[in-house]
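K.L.:
Grab the two chains, each in its own frame, and use the hints to assemble them into the complex.
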Amino acid sequence: MASGSVADQEGQVMLLGFWFSAFVKRVEWALKLKGIEYDYVEEDLANKSTLLLTSNPIHKKVPVLIHNGNPIAESLVIIEYIDETWKQNTILPQDPYERAMARFWANFIEQKVTEPIREALVSQGEQQEKKVKELKEAMEVVEGEAKAKLNDKTLFFGGGNGVGYVDIVLGWTCNWMETIEEVGGFKVLDPESQPQFHKWMANVREVPFIKTTLEPKEKLVEFFRMVRQDRLGLVANK
Amino acid sequence: MAGSEVKVLGTWASPFALRVHIALGIKSVKYEWVEENLEAKSQLLLESNPINKQVPVLIHHHKPICESLAILQYIDEAWPSAPSILPSDPYHRAVARFWAAYIDHKWFTWLKGVASAEGAEAKKAALDQVREGLVVVEEAFGKCSKGKDFFSGDRIGYLDIVLGCFLGWLYVAEKRNDVKLLDEEKMPGLAAWAIKFCLDGAVKNVMPDKDELLDYANMVFQAMAMAKAKLNAPPNY
Numbered sequence: 000m001a002s003g004s005v006a007d008q009e010g011q012v013m014l015l016g017f018w019f020s021a022f023v024k025r026v027e028w029a030l031k032l033k034g035i036e037y038d039y040v041e042e043d044l045a046n047k048s049t050l051l052l053t054s055n056p057i058h059k060k061v062p063v064l065i066h067n068g069n070p071i072a073e074s075l076v077i078i079e080y081i082d083e084t085w086k087q088n089t090i091l092p093q094d095p096y097e098r099a100m101a102r103f104w105a106n107f108i109e110q111k112v113t114e115p116i117r118e119a120l121v122s123q124g125e126q127q128e129k130k131v132k133e134l135k136e137a138m139e140v141v142e143g144e145a146k147a148k149l150n151d152k153t154l155f156f157g158g159g160n161g162v163g164y165v166d167i168v169l170g171w172t173c174n175w176m177e178t179i180e181e182v183g184g185f186k187v188l189d190p191e192s193q194p195q196f197h198k199w200m201a202n203v204r205e206v207p208f209i210k211t212t213l214e215p216k217e218k219l220v221e222f223f224r225m226v227r228q229d230r231l232g233l234v235a236n237k
Numbered sequence: 000m001a002g003s004e005v006k007v008l009g010t011w012a013s014p015f016a017l018r019v020h021i022a023l024g025i026k027s028v029k030y031e032w033v034e035e036n037l038e039a040k041s042q043l044l045l046e047s048n049p050i051n052k053q054v055p056v057l058i059h060h061h062k063p064i065c066e067s068l069a070i071l072q073y074i075d076e077a078w079p080s081a082p083s084i085l086p087s088d089p090y091h092r093a094v095a096r097f098w099a100a101y102i103d104h105k106w107f108t109w110l111k112g113v114a115s116a117e118g119a120e121a122k123k124a125a126l127d128q129v130r131e132g133l134v135v136v137e138e139a140f141g142k143c144s145k146g147k148d149f150f151s152g153d154r155i156g157y158l159d160i161v162l163g164c165f166l167g168w169l170y171v172a173e174k175r176n177d178v179k180l181l182d183e184e185k186m187p188g189l190a191a192w193a194i195k196f197c198l199d200g201a202v203k204n205v206m207p208d209k210d211e212l213l214d215y216a217n218m219v220f221q222a223m224a225m226a227k228a229k230l231n232a233p234p235n236y
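Chains as they are written, first to last, in numbering that gives the first Met the number 0: chain A, 0 to 237; chain B, 0 to 236.
Honestly, the hints are just simulated from the structure, not real lab data. Keep in mind that a hint or two might mislead.
Keeping only pairs whose Cα atoms sit at most 20 Å apart, straight-line, the calculated SDA-like set for lysine to any residue is [to be verified]:
no., chain 1, residue 1, chain 2, residue 2
1, B, 26, A, 95
2, A, 59, B, 6
3, A, 111, B, 26
4, B, 6, A, 95
5, A, 135, A, 193
6, A, 86, B, 79
7, A, 86, B, 87
8, B, 62, A, 96
Partial list, computed: chain B residues near chain A (C-beta under 7 Å) [said to hold, decoys possible]:
no., residue
9, 69
10, 76
11, 77
12, 89
Since this is a predicted model, take the numbers as computed values, not measurements. A virtual CB, placed ideally from N, CA and C, is assigned to each residue, including glycine.
In isolation and in its complexed conformation, chain B is listed as follows (with noise of 0.2 Å):
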């Protein structure tokens, strides 16, 4: 059975495993989704990724590979056949890389600090860092796009799906906090770009309604605050 070949340990609300879903779609590959439960990892996960214990992991002919950016780039490299990922040309696969760094270690950890800021201005300081970084992320979309619909071009690839992914969680942080932080008139390229990657036949179908993700956020966001607020009560006499 082709699909057994080819297993991906996920969550429905994990933009990294949502990186890898939409990967192996462009690749028209057959997989096995496998809805881990963060709470109670399954064995095959705690073995498949021993180290870090995440998703998503990718197990391929009974291998696991973990981390999202290097299963990315196992899937372009393990189905080679069009289409491709990854630019073909060094010079932009080492630019793609460079932005895709940009966005997980510096934007996403601002996107993250939204929701760790306490206090009116340490929240509005963490929104801004955000919108920044999208003004510079818009600055290399147009480099990187030279007027055509996606990062890569004509078609979704790397830096498409690696910011792309973060997309719902975005609309997250813009609902929570009654902010825009995708800004039409700030970011016009990545406004448009949004648009057309939630739509592509790759993502569509796997990406998570954002509205039901923002239930879920409200959800965990408050058994957080409740957890807090209990540490935080005085004793009961």
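Chain A on its own, in the form it takes in the complex (with noise of 0.2 Å):
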């Protein structure tokens, strides 16, 4: 099915995606923010499609992006080459000194906030509680970098009333951090010690095109608890 809604680019374009997934989101709110037309492919965790294999043989991983016929993996790479074809809404800044900005603190997320969180999902006792030190480190810098660029007129990191690179690469926050603490026992979050952070999540979730993406707590808890429980080869507890 050909899509492309924008006239200067053409061609179809494919999202292989995990309904739980923070990273097939990210790229969603990309592809929304900039008003592309995509197919969207629900991959079964438990018997990828040949297409997924082939289009990420490295990793195997979703996302994929696939347009006119080309595969595209990594959430960060997919939502750089998004930004690179379709000129509308800008994602990233125009400025090269401000992308560099935006790029740095993509990838202090992901060492510092992502990963960190992934593993606490899936770890317990001393381990558990090294990511979760580390998580609350990396918080207070969050708190600190949302406290020096936010305020009533500025509610995001893209600068104004729009998202940019920044909240789409931290915006899973917003719904998969209450659920990770949930599932995995721990605490990072905190309204008194990180208001500012509360108030662009709250402000994130309101977002039009993120608020319909986002899926209901309970069946994410319950999804990431089979997957924590699995990990750690607990017994199921219903």
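P.N.:
In structure tokens form, the structure reads like this:
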């Protein structure tokens, strides 16, 4: 099915994903921000399609964006590709220095928040405590940046009223963070010591094209509970 | 003074700092290099990179940029005249970024794993993993280079810099463990590429001498081993 609702870029856009994946949602947010029509293919974790396995043979993971038959993998790589291919509603800033800052923060978020929380989800005891400590320290830095950049007029890291790259990269926290805390049995979020960050999360949740994609928390909790139990070899607690 | 407009905070042994050296060389940008002492970081470094306190940092018009991949892309964008570092086509840029992420997050982690592996079996497994990673990158080289000398084609570019900066440390791992990792038989493309990369005009004068790097590595690892032995030593009654 040919799509591409914007004049300057024809060609079919397909996104391979899992409903529970925050990385997939990031790409969906980027596509929706640009008003790009795409075909979404829900993959089966236990039975990955040939298309997925041939499109991303190295990691065999979602998200994979397929545009004009070309597969692109890794959520941050995909988002930059989307921004460079479709010129409307820019995601990254235009100025090279601001772009470098946005990329710096994206890397910080991935290394210090996204990765450790995934590790905290599937660990326990001392190992988990170590990750939670790392996360708390990282959140101090995030709150610091939120305090510095956000106010009543500037709701998002992208500047002004629109979400940008950093918002899209960090946006998963508005839904998945509480979920993983509940499943993993730890606490990193703290409205008292992270007031600006909590304001930002609330604003992200209300962005129309993000709001409609957020999965119900109970559904996510059930799924990630299964993941944790599976990884830790725990008996299912129903 | 044009040179003071661009400053790089780095260390001679850091592969990530080497990336910045090479990229600025490709663009023929004059810069001042500040050799940092990681045991006694300068005030400038701590102020320029308060979050990670690491090298490299590029300072341009008094504004600091951190993270080597962000720096490489900044250099390409701030000095847009040819030669370019990233490809111009968005899909090829995505391919280059994908492999840069693989090299930094997977392959380099495995290379570091060789140093931290304890025991002969663990060392062998770690070395095998590094080698397997190179086989994967060999295939990527074939696809990206399309028969030309470099990942980027006729001239060195993003991916060449991203992988090439590790050649010295790869040599260190080979010598310290008495193995071949960059194997001409298993990875003929990469083996040939490595030689050409090291001879490139933007690389040969800034790449650290690999035997100096080996001496330095031996010193660092010995110091680490001694510190560890002290920790584990029985108390002196």
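K.L.:
Could you run down the list of hints and mark each one as holding or not?
P.N.:
Hint check:
1. 26(B) x 95(A): 16 Å, holds
2. 59(A) x 6(B): 41 Å, violated
3. 111(A) x 26(B): 32 Å, violated
4. 6(B) x 95(A): 17 Å, holds
5. 135(A) x 193(A): This hinted pair holds, its Cα atoms lying about 10 Å apart.
6. 86(A) x 79(B): The given pair, whose Cα atoms are some 19 Å apart, holds under the 20 Å limit.
7. 86(A) x 87(B): 15 Å, holds
8. 62(B) x 96(A): Holds, because 8 Å separates the two Cα atoms, which is no more than 20 Å.
9. 69: With Cβ-Cβ at 4 Å, under 7 Å, it holds.
10. 76: Holds, because the Cβ-Cβ distance from residue 76(B) to chain A comes to roughly 4 Å (cut-off 7 Å).
11. 77: The hint holds - residue 77(B) has a Cβ within 7 Å of chain A, the shortest such distance being about 5 Å.
12. 89: 4 Å, holds
Hint compliance for this structure: hints 2, 3 are not met, and every other hint is.
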